[in-house]
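Undergrad: Protein sequence lines, in the order shown, are assigned to chains A and B. So for the first sequence, numbering that gives the first Met the number 0 puts the first residue at 0; every next one is plus one. So for the second sequence, numbering that gives the first Met the number 0 puts the first residue at 0; every next one is plus one.
Hint data in this document are derived by calculation from the structure and do not stem from the laboratory. Where is the CB? At the ideal position from N, CA and C, for every residue including glycine. Heads up, a few of these hints could be off.
[Unchecked claim] Anything over 10 Å on all C-beta distances counts as not near chain A; from chain B, calculated: (1) E10; (2) A20; (3) G66; (4) A80; (5) H99.
[As the list claims (entries may be wrong)] What follows is a set of in silico ranges between Cβ atoms, one per label pair, in the way DEER data are often shown: (6) B:Q58 to A:R306: 19 to 29 Å; (7) A:Y23 to B:T26: 20 to 30 Å; (8) A:E343 to B:H54: 23 to 33 Å; (9) B:E140 to A:P39: 28 to 38 Å; (10) A:T267 to B:E33: 39 to 49 Å; (11) B:K133 to A:R316: 47 to 57 Å; (12) B:Q58 to A:P81: 30 to 40 Å.
[What the hints assert, rightly or not] Below are the PhoX-like pairs computed for lysine-lysine, each with C-alpha atoms no more than 25 Å apart in a straight line: (13) A:K103 to B:K8; (14) B:K65 to A:K266; (15) A:K266 to B:K126; (16) A:K32 to A:K103; (17) B:K57 to A:K266; (18) A:K166 to B:K106; (19) B:K1 to B:K126; (20) A:K52 to A:K35; (21) A:K266 to B:K72; (22) A:K184 to A:K208; (23) B:K65 to B:K1; (24) A:K166 to B:K8.
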Amino acid sequence: MVISSIGALLALLLTVADLFFAAYGPSEITINKEKKLTVPGGQTLLSALTAEKIFIPSACGGRGTCGLCKLRVTKGAGLVLPTEEPFLTHEEIESNVRLACQVKVRADLDIEIPPELFAIRRYTCTCTAIIDLTHDIRQFRFKMIEPETIDYIPGQYIQLLAPVYEKSSEEVYRAYSMSGDPADKTAIEVIIKLVPGGICTTYCFEYLKPGDRVMLNGPYGRFRLSDSDAPVVFIAGGSGMAPIKCLLHHMKNTGSTRKATYFFGAKTPRDLFLTDLMKSFEAELHDFTFVPVVAETRPGENFSGERGLVTEAVRRRLEKPESCEAYLCGSPGMIDAALEVLHELGIDDGRIFYDKFE
Amino acid sequence: MKKSPQLEKLEEVLRSSKLVAGGFMGTDSRSVTEIIDADAAAVAKLGYTPGRLAHRMKQITDAAVKGLGTTVKIDDRIQAAVIEAKGSIVCPWPHPGHFHKRVTAVKSLDSARTSRWSDLNIHLIEKHGFFEGKGSPYRIEPNDLIELIF
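Chain A with its partners taken away, still in its complex shape:
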């Protein structure tokens, strides 16, 4: 009893001491040697920037589990924490790259962030449609409410907030490429594949309904179509369809005359989707070919197109590869396999662009 009381008293004293002595005053954050912010001390750098409406990509809500919120801190951050080390390469540590969610604002900080992050906004939307594309892939449409419109570069992604729900006790953000027509600035579309046990995809598939309020932020990412006239080869699989579909809308909207070939890999014919839309792109775009590739067929299933792995089809079918630019979206395994084939075909890294699921 006496020991418990002493313990409780010590805990109380520590709490009070923390309030008085560990309270940090305001600190100044200098961004890119230009912009200066004065923020309350004691919070994480990620929280401080978010409060100032500067959104750094973060999929885990600042718990140090995604490693996305990297930025350079050139002054005031202290030593790299053990919680940051798994996400940072030796080179990144040498060049002062840190995880914004792990750095505490305890002194004035100098930081460097890409200027495009200043354009990132938080959006309130309403889910207006959910469409089954396959047994485990769905298309979600969100109407912008506040602000009423969104500007983005075709190929970019947004972060979708999964709120606290029955199977998740904390809010998390997950990144999804935008798949809709970028000419429509009043809504966005995303294509999501269900991940068993995934916090955000479980929310989207089992809980999110048309009419529900949805929070997003963005846009993010550097995946986009170049300004060149080089023939384009798109390679994707599964929900990797999303940014490629967006790029095709963009090519149609801008009257692009670039030759484009889209290799889309699926396990079976029933895993193919949006094939009618792809056919309409074939009719509307100047020189576009959609090449669905199926790895397996079941007894009774008819499929007359390319068979095998999508990378094998690229090797067989791609014409004049040396003049092409390649755009890839899919799993790390698919990207790695595609890179190998594209290198063999003579396409160098400078002409290969990808959105890897990492």
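Use these hints to put chain B onto chain A, whose structure you have.
TA: What follows is chain B alone, placed relative to chain A:
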């Protein structure tokens, strides 16, 4: 037995949805130590070690990943497919380590027996002897796994 603060913190993380929807413990009311001890005994009884299981699981995943999501015949007894998702997941134990969200689904060629594991499952078994709690979506029953993959 009284738990250390570190063990209490670990169990809190394992039972929460911080890393995966529904957590790692499922509906299992046993402590993490009890789960690990019971599974270790089951594995040892069949003459295996968690390290040997993890090694075989890695072999299967490495072979199946070449199929880019399609089914690959591993040997005369099993086939497997690897499905990858966006992002990575960290180990709930307090040490560095994050893993691709990658799931290997294995099926016996001569029976209806199946199993599936994530890259994190392999790590949890290899380094921590943890097969997850009963009722967890990624719980692996050691006996069933051994019967399928060896």
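Undergrad: I'd like to know which numbered hints this structure contradicts. Please list them from smallest to largest.
TA: Hints 2, 3, 4, 5, 7, 9, 15, 18, 23 contradicted; others consistent.
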